[in-house]
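Order-wise, the sequence lines are chains A and B.
In this text, residue positions in the first sequence follow my numbering: the first is 1, and each later residue adds one.
In this text, residue positions in the second sequence follow my numbering: the first is 1, and each later residue adds one.
Since the hints were made in silico from the structure, they are not lab data.
Just so you know, not all the hints are guaranteed correct.
Computed from the model, here is a short list of chain B residues facing chain A with C-beta under 8 angstroms [what the hints assert, rightly or not]: (1) Ile33; (2) Val38; (3) Gln87; (4) Gly90; (5) Pro128; (6) Ile147; (7) Lys149.
Cβ coordinates follow ideal geometry from the N, Cα and C atoms, glycine included.
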Amino acid sequence: MRIKIFFFATVREYVGAKTVEMEVPMQTTVAMLKKLLVKKYPQMASTQKSIIAAVNSEYSADEFLIPADAEIAFFPPVSGG
Amino acid sequence: MDYPTIITITKLELDLDALIARVTLPSTGAAAIFSGIVRGKTERGKAHKTSYLEYEAYQPMAEAKMHQVANEIRNRWPLVEGIAIVQRIGRLYPQTPTLMIICTAEHRDTGVFEAARYGIDRLKEIVPIWKKEVSPEGEFWVEGEYIPKSGE
């Protein structure tokens, strides 16, 4: 299935892209996708703190199953204000 | 009763008077306002100077989470009338307002102060916006502490 991934702040700089589209198997979890991405972009592993995942604009745990056509974002803890 | 909720992410200059007008009803007698400002000179912790901040947002999710913060305020402080949560993004220099949170109510003893305080604290936990700090010594991304729970 096809998914769209967005990166922000430090994660965007480590990956070197704002967004990528990827083909992943059905039943892919957030943790599996993270692993795939770290393999593709090893710098991602060097973020200072944990990377947060959001699937279709909701914070999602590692075991969450990614639906088809999902929009996924990876980013560091937020710092607005 | 329909109370106004204003949620905005903008690159434009913030206009406090215009914003207050949008959350003021005929019954409104109090407005608690929190505004974040770019601090050019920091003394607390590691003393340093700031040249500017560069803000970035995951806009659709940030707007959804700002609405969630407003809903949480309404659930906790039912006497709050209008709520405005406005974040400016882009490159912002010292002494510039970056954010305004306004909660209005009939009177000041309705929880409006606490509501505005909750608004900024919660925004810094769950609204996906980040800032890069640029100083004469270099630049770094500011990162928060909070890890949101699944579905939060």
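Hints, one by one, checked against the model:
no.: 1; hint: Ile33; result: 14 angstroms, violated
no.: 2; hint: Val38; result: 11 angstroms, violated
no.: 3; hint: Gln87; result: 6 angstroms, holds
no.: 4; hint: Gly90; result: 13 angstroms, violated
no.: 5; hint: Pro128; result: 5 angstroms, holds
no.: 6; hint: Ile147; result: 6 angstroms, holds
no.: 7; hint: Lys149; result: 7 angstroms, holds
Violated hints, in rising order: 1, 2, 4; the structure is consistent with all others.
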